[in-house]
Amino acid sequence: MRESLGITVRLSDLGVSRSDIPALARTAILDPCLATNPRKASVEEIERMYLNAF
Amino acid sequence: MDRSRFELRKFVAPEFIIGEKARLLAGRYAKNLGARHAMVVTGPHVEKAGWVEGVVKSLGEEGIGHTVFDGVSPNPRDSEVMNGAKIFAEDGCDSIVVVGGGSPIDCAKGIGIVFSNNRHILTFEGVDNIPIPPPPLICIPTTAGTGADVSQFAIISDTGRKVKIAIISKKIVPDIALVDPEPLLTLSKELTAHTGMDALTHSVEAYVSNASSPVTDMYALESIQIVNTYLPRAVEELKKLEWRYQTMLGSLFAGLAFSNASLGAVHAMAHSLGDSPIFRMASVMPSCSSMSWSSTTPPAPAGTRPSAGRSASRPRAWTMKRGEPGSWEPLPPCGRASVSRYGSPISG
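Protein chains in written order, with numbering that gives the first Met the number 0: chain A, 0 to 53; chain B, 0 to 347.
Next comes chain A alone, as it looks inside the complex (with noise of 0.2 Å):
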């Protein structure tokens, strides 16, 4: 659906760089809305979800 919508973006797109993907890992696992995920992630798993984006 969002390659039909014309959305292909990727986090390289946004300025984002590899070696930001720790830090932005470790944040990510402090915010609120994590604690409502139905699975439990660690920071590595998150790192791992970033750079699929990426």
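The set of hints was computed from the structure by calculation and includes no laboratory data.
Where hints are given, some of them may not hold.
Claimed, not checked - Going by beta-carbon spacing under 7 Å, a handful of chain A positions derived as facing chain B:
hint, residue
1, Leu4
2, Thr26
3, Leu33
4, Thr35
By construction, the Cβ of each residue, glycine as well, lies at the ideal position given by its N, Cα and C atoms.
Given the coordinates of chain A, assemble chain B onto it according to the supplied hints.
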């Protein structure tokens, strides 16, 4: 067993009116709320497109004065909130009417919080940290995605730490939302697509949330259906009011769902990106959330999730698989919002 079936669940929603020209009721409702001088919070693009004019006129017709505040950037900054609160006090404002997308709405919520409590906006981070209720707030959304017009969330950029903070409280649920599809007619193709994907992410995260309930499921599932059907049509035909109405309805339902069930990893990761627009982030992130998206994933087993089972029988392009209900464990203390408190949907 499905642990959500017998747990206490609360549902908070503002009064809202949805339909063509709903925005022009701003004056009447501001008067009902006792307003004499409203701050009109908006953004330059919305103002230029002419959507503020009718709202201001409706205030004037009820004898209500106004101050326009449009010093809001995408992703409202702490400094903008503080500046808005200063002007609010200086001009003797007593209420807020906001015409705009998620950024002006969140900024307006922040202005109200700071005015009532007389403290820096960043001190209200987390859940239920607002002692004194803000002044009356009327929201007129101009994008179909934010959900901020009905939610108990405000997201503010902390310019010092370069992250977005979440302020979550029943006290920032607006007094009324005037949900009008007409302002969407001037929204670009790109913004239509990105904000629509934000609405879809709200619904999906609310549906798989640990704090979901049969009531939030109803809104989340219906929203997914609506957005999935009508967002592509709206992107294709930007000027067709019917598609715009449907995407607005989808966004409204998504807002009601996530405001009460909360969100998940996608938004946590988007907030961490700070000044990168949340909707862009949301739009690149569906593959990152902890559920499985698939056109072949079977619906939830019968009896475990009645609303999911029922809705899964309806034709839809996507079905989804939840995370294991019992797999969630509280996160370690992090010095932010209390997770256990946040996890309780009846707090506050």
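For each hint, the structure was consulted:
1. Leu4: holds (4 Å)
2. Thr26: Holds - the Cβ of threonine 26/A comes within 7 Å of chain B, reaching about 4 Å at its closest.
3. Leu33: holds (4 Å)
4. Thr35: With Cβ-Cβ at 4 Å, under 7 Å, it holds.
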